[in-house]
Amino acid sequence: MSIPLLEVKPSSQNQRVEGYEVPSEDTPIGYRFTDTSSVSEIDEIIWAGYRQIFSEHLIIESYRQPFLESQLRNRAITVRDFIRGLGKSDVYRELVGETNSNYRLVDISFKRFLGRATYNQKEQIAWSIVIATKGLNGFIDAIVDSEEYRENFGNDIVPYQRRRYKGRPFNLVNPRYNGDWRDRESIRNLQGRGFYSARKTGDVTKEVVRRAIPSNFLAMAGSILTPEVNYQRSRDRVLSQISTMEIPDTTRKDTLPQTTIKPTKVALPYDYIPSDPRN
Numbered sequence: 002m003s004i005p006l007l008e009v010k011p012s013s014q015n016q017r018v019e020g021y022e023v024p025s026e027d028t029p030i031g032y033r034f035t036d037t038s039s040v041s042e043i044d045e046i047i048w049a050g051y052r053q054i055f056s057e058h059l060i061i062e063s064y065r066q067p068f069l070e071s072q073l074r075n076r077a078i079t080v081r082d083f084i085r086g087l088g089k090s091d092v093y094r095e096l097v098g099e100t101n102s103n104y105r106l107v108d109i110s111f112k113r114f115l116g117r118a119t120y121n122q123k124e125q126i127a128w129s130i131v132i133a134t135k136g137l138n139g140f141i142d143a144i145v146d147s148e149e150y151r152e153n154f155g156n157d158i159v160p161y162q163r164r165r166y167k168g169r170p171f172n173l174v175n176p177r178y179n180g181d182w183r184d185r186e187s188i189r190n191l192q193g194r195g196f197y198s199a200r201k202t203g204d205v206t207k208e209v210v211r212r213a214i215p216s217n218f219l220a221m222a223g224s225i226l227t228p229e230v231n232y233q234r235s236r237d238r239v240l241s242q243i244s245t246m247e248i249p250d251t252t253r254k255d256t257l258p259q260t261t262i263k264p265t266k267v268a269l270p271y272d273y274i275p276s277d278p279r280n
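Per our numbering, the sequence shown starts with residue 2, numbered consecutively.
Check the hints yourself; a few may be wrong.
To be verified - Cut-off 20 Å, straight-line C-alpha distance, at most; resulting in silico cross-link-like pairs (EDC-like, lysine to aspartate or glutamate):
| hint | residue 1 | residue 2 |
| --- | --- | --- |
| 1 | Lys89 | Glu8 |
| 2 | Lys135 | Glu70 |
| 3 | Lys89 | Glu70 |
| 4 | Lys135 | Glu8 |
| 5 | Lys123 | Glu8 |
| 6 | Lys89 | Glu57 |
| 7 | Lys89 | Asp146 |
I should point out that these hints are in silico values taken from the structure, not numbers from a laboratory.
Generate the whole structure from the sequences, applying the supplied hints.
As structure tokens, then:
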């Protein structure tokens, strides 16, 4: 029994508002398969699908799916089935599925298949449960068969970014994998060994240390280094200044004449009455 999808509400009502962008050269192009009438137009649709799902600006020969292309050219499948096949391909699994956590996989897949980012972390958690229960292929089927996909793209439109964020497309600001993947690759290359257990013999040079320690640790260590202070040079500079420093004469010469001040009797309005020792 599969777990039903958790209900998620948008964190802002702006998600439901239509865009006010002025059409320009940055406006996404909607590729519709029903409007094609030549081989070149079909090639453009195939190229747009590769660019949207694989996020590649050039069609790499090893990434191409000849079987899906052949079916689409012969109109045996729809564009939606072509997009579904690209999401289930080994290329998408290796480039996106295996190099990201489930949360980030949900966010990237929404940007590529639905043309929008996830509303919030709750939506990422809800769809990550779908990945955990149905796997990557079941997750792709759930997205492509969703009502949101059908309403916006139907069967014949290649998915595109529906709303631009600061005029930049998603595939230009979202790298294929994040920093956690680089950390895992570094640990896997070291096979869980530290530098001191990995290198016991031979000359230890700076290049050997850099190969053994992950680059992100070196960057972090370099960011917290304090400027080096040469205390010997500072001591020599102070001694040199002291040896040539002239100390001014601060002795005081008393040149005022000595005078004697005698007390003067002053008439007071009252006489001083000593206290009675008996009291």
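Status of the hints after comparison with the structure:
Note on Lys89 and Glu8: the hinted pairing is violated, with a Cα-Cα distance of about 25 Å set against a maximum of 20 Å. The suggested pairing of Lys135 with Glu70 is violated, with an alpha-carbon distance near 27 Å, which exceeds 20 Å. A C-alpha spacing of about 14 Å is found between Lys89 and Glu70, which places the hinted pair at or below 20 Å, so the restraint holds. About 18 Å separates the Cα atoms of Lys135 and Glu8, which keeps this hinted pair within 20 Å; it holds.
Using a Cα cut-off of 20 Å, the hinted pair Lys123 and Glu8 holds, with the two alpha carbons roughly 9 Å apart. With a C-alpha separation of about 17 Å, the suggested pair Lys89 and Glu57 falls inside the 20 Å cut-off, and the hint holds. A C-alpha spacing of about 14 Å is found between Lys89 and Asp146, which places the hinted pair at or below 20 Å, so the restraint holds.
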